[in-house]
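These protein sequence lines map, in sequence, to chains A and B.
Counted from 1, the first sequence has number 62 at position 62 by the numbering used here; the numbering is strictly sequential.
If you count the second sequence from 1, you need to add 1000 to reach the numbering used here.
Errors might be hidden in some of the hints.
Claimed, not checked - From chain B, some residues computed to sit far from chain A (all C-beta separations above 12 Å):
hint	residue
1	E1049
2	A1158
3	R1172
4	E1229
5	A1270
6	A1382
7	R1383
8	F1450
9	A1475
10	E1480
11	E1545
Claimed, not checked - Far from chain B, some chain A residues (derived; all Cβ distances over 12 Å):
hint	residue
12	S6
13	V8
14	L15
15	A21
16	V51
17	L57
18	W62
19	L87
20	R93
21	P116
22	A123
As the list claims (entries may be wrong) - Only some residues are given here: those of chain A computed to face chain B with a beta carbon under 10 Å:
hint	residue
23	N4
24	F28
25	W72
26	V82
27	V90
28	F91
29	L92
30	G94
31	A112
Hint data in this document are derived by calculation from the structure and do not stem from the laboratory.
Ideal Cβ positions, reconstructed from N, Cα and C, are used throughout, including at glycine.
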Amino acid sequence: MTGNESRVRVAFGVLNALSAAVLLVGVFGVVQPRFWALDVPAAIIALVELVSALGLLAKLPWAERALSVAAWVTFVLGALIVSLILLTIVFLRGIHGDFGLAALAVSSLIIALLVPYTVVLPAVELLWLGRRRAESRS
Amino acid sequence: MTLRTCLRLLAIWTGFLVVCSLVIFLCVRIDRTRAPAGPYVLSVWERGERSARQVATSEQELRHALEAESARPGAQRVVERLVDSAPIWGHSWLMIGLSMVPGQDGLSVGFDGRTLYATPDDLRKLEAYEHTIPIGPLSLILGIDVSRVLGALARELATEPSELLRRGSFRRFAVVTDAPYPRTVSETDITTATVQDSVRAAARYLMRNQLRDGSFRYELNAVSGAESEDYNYPRHAGATYFLARVGNQLRDERALRAAERAGNFMKDRATLRCGAHSCVGAGDRVDIGASALALLAYVELLEGKIEAFRAPSLELAAFLRSQQRPDGEFKHFYSVSEQQAIDAQTEYYTGEAAFALSRVQRVSLDPKDLEAARHALSFLVARSPWFLGAHYFWGAEHWTCQALADLWLRAPDPVALRFCLDWQAVNRNLQFQSPPAPSTDDGGISRGPFMAPRLTPTASRLEAAVATLEVARAASLPPEQIEILEHQVKRAFAFLLRYQFSPGPTHLMPKPRAVEGGFPGSSVDLHVRIDYPQHAAGALLRYWELQKK
Chain A
1 MTGNESRVRV AFGVLNALSA AVLLVGVFGV VQPRFWALDV PAAIIALVEL
51 VSALGLLAKL PWAERALSVA AWVTFVLGAL IVSLILLTIV FLRGIHGDFG
101 LAALAVSSLI IALLVPYTVV LPAVELLWLG RRRAESRS
Chain B
1001 MTLRTCLRLL AIWTGFLVVC SLVIFLCVRI DRTRAPAGPY VLSVWERGER
1051 SARQVATSEQ ELRHALEAES ARPGAQRVVE RLVDSAPIWG HSWLMIGLSM
1101 VPGQDGLSVG FDGRTLYATP DDLRKLEAYE HTIPIGPLSL ILGIDVSRVL
1151 GALARELATE PSELLRRGSF RRFAVVTDAP YPRTVSETDI TTATVQDSVR
1201 AAARYLMRNQ LRDGSFRYEL NAVSGAESED YNYPRHAGAT YFLARVGNQL
1251 RDERALRAAE RAGNFMKDRA TLRCGAHSCV GAGDRVDIGA SALALLAYVE
1301 LLEGKIEAFR APSLELAAFL RSQQRPDGEF KHFYSVSEQQ AIDAQTEYYT
1351 GEAAFALSRV QRVSLDPKDL EAARHALSFL VARSPWFLGA HYFWGAEHWT
1401 CQALADLWLR APDPVALRFC LDWQAVNRNL QFQSPPAPST DDGGISRGPF
1451 MAPRLTPTAS RLEAAVATLE VARAASLPPE QIEILEHQVK RAFAFLLRYQ
1501 FSPGPTHLMP KPRAVEGGFP GSSVDLHVRI DYPQHAAGAL LRYWELQKK
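Work out the full structure, taking the sequences as your base and the hints as a guide.
Here you go:
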């Protein structure tokens, strides 16, 4: 393993651990009351990210496989959540007309906060994994 | 995953979202600005009930429709003209509920070759707008109570609601109506004459609904005529205070006598012993809110030369002072059974106590009352410099700003003035502006983008806004700042006057006379509780006084 590769693994490990922590604290520490529709996906994403973080930081042999699973689960669920929020905004805008800048700003802020964790980070991880596999094949 | 695959996935995802968004938006939207194209739903209402309906397809057909029914004595003919409609997807009660705009949309259903219309008037009559349902632990507010509306439509179609939901084809629609409610009122209509008329009408509402013992009919449902069994002493005291002010300011002897009866009701039937002092309330535990508002009412009655309220005023002032903590805050409750104060706090009461102590000092001339009021106001407006959010999170401060105005000449507090100006700036941000909001909502304070604005939160903020305007003028703030505040106030008053029952949607009311002059909860909640006219007309009266000065 090269030094650069090792640094990337540590960076992904830290970022995944951080994302899992933000998600766990945000959903289970701040949001009340409990609601399975939010809790279950959040718990799944946090769990796979924590497992992959552990594997990456401890340099365990299954670390890349765990990272791949975590990245795909996060990417798919994240894209789904962002899509649902966006389509809900469009639906409500269609029903209620122009419902004001504040509501639009709050919805956009939620999306803007979610996208880096749930779409961008897993996409970057998947790209890195793809390049690694291509390199190892060649 | 390669970069190309990633970009392809993102492009597919984005394209999917764009197409879905366009389809959803174009399918569900309604253009409310269109000219009415029909059909025309004609209803004849008698004694608050719909007695006949015909759906006409042209203006010509409409002219001759239901002529005999409309000619009956007391019958009112209302035409709701459809301007646009849109389908409601699926056969789900949740989708129907989410697809309706409270107060604006009607629901039509096609079933076995027939089309039935539940118009906005029908939905108001059914009290079906804005329905809260629990989904898991969350509360979701739907545009309508779907089961109630389906039940009503199913009865007319002689079927079951479940069958109607399964096989019906639903659309929402927007209408223009020829019913004269809400009234067309704009900022330019806010004159001292219109304000005074509105105040007198609200006072007459309370007088008309006062019982022999001095209490009031607590809450009337305008569309059913039903009366609530509940009662609340702080609100009784607030209504008394308003009537006494009307009596004094508008020289209305009847209002003053009604206020005296209501004051006697508190003095003789709802006064308890709280330690060494008198307090107002009922049961084992009383709050300082009832005593503070009773004190405001008693002071106003004293101003009307009714001396019987002098001793009770001084006793209540002593009780309030005894509840004050060294930091200026109050212990909001008192246990009558244990004869001790309870150091717990809720909204409103500190502001009410501060205002009441400030008012009573004018008759008690006791410096302790003034000091207690000043100290309480300082406590209320203190904002920690270490908490950035202090400028963005606000409670209900309507009594705080009235205390500011009342104290200004005796104990001016510039920090409190800044606080109240900032709060009004926040309220301006929450004020509906038409366009894009419907013209009927213009000036109302938003409680969320998907719900009809309520009158009383707007009114209570207005009480504070007018008080702030009064101090802003007295403090000689820059004219442009005063103008912004006055513009905000007048727009909000226009919103209130639009919905006051003068006489209101009488076709929906079995007893329109009983609620005339009252202010309802909102455009979709046509109940009048005693504090609704108190706050709305109280704010109007404050503005009238200010303009007279």
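Index of numbered hints that the structure contradicts, given in increasing order
Of the numbered hints given earlier, those the structure breaks are 3, 8, 19, 20, 22, 23, 24 and 31, listed in rising order.
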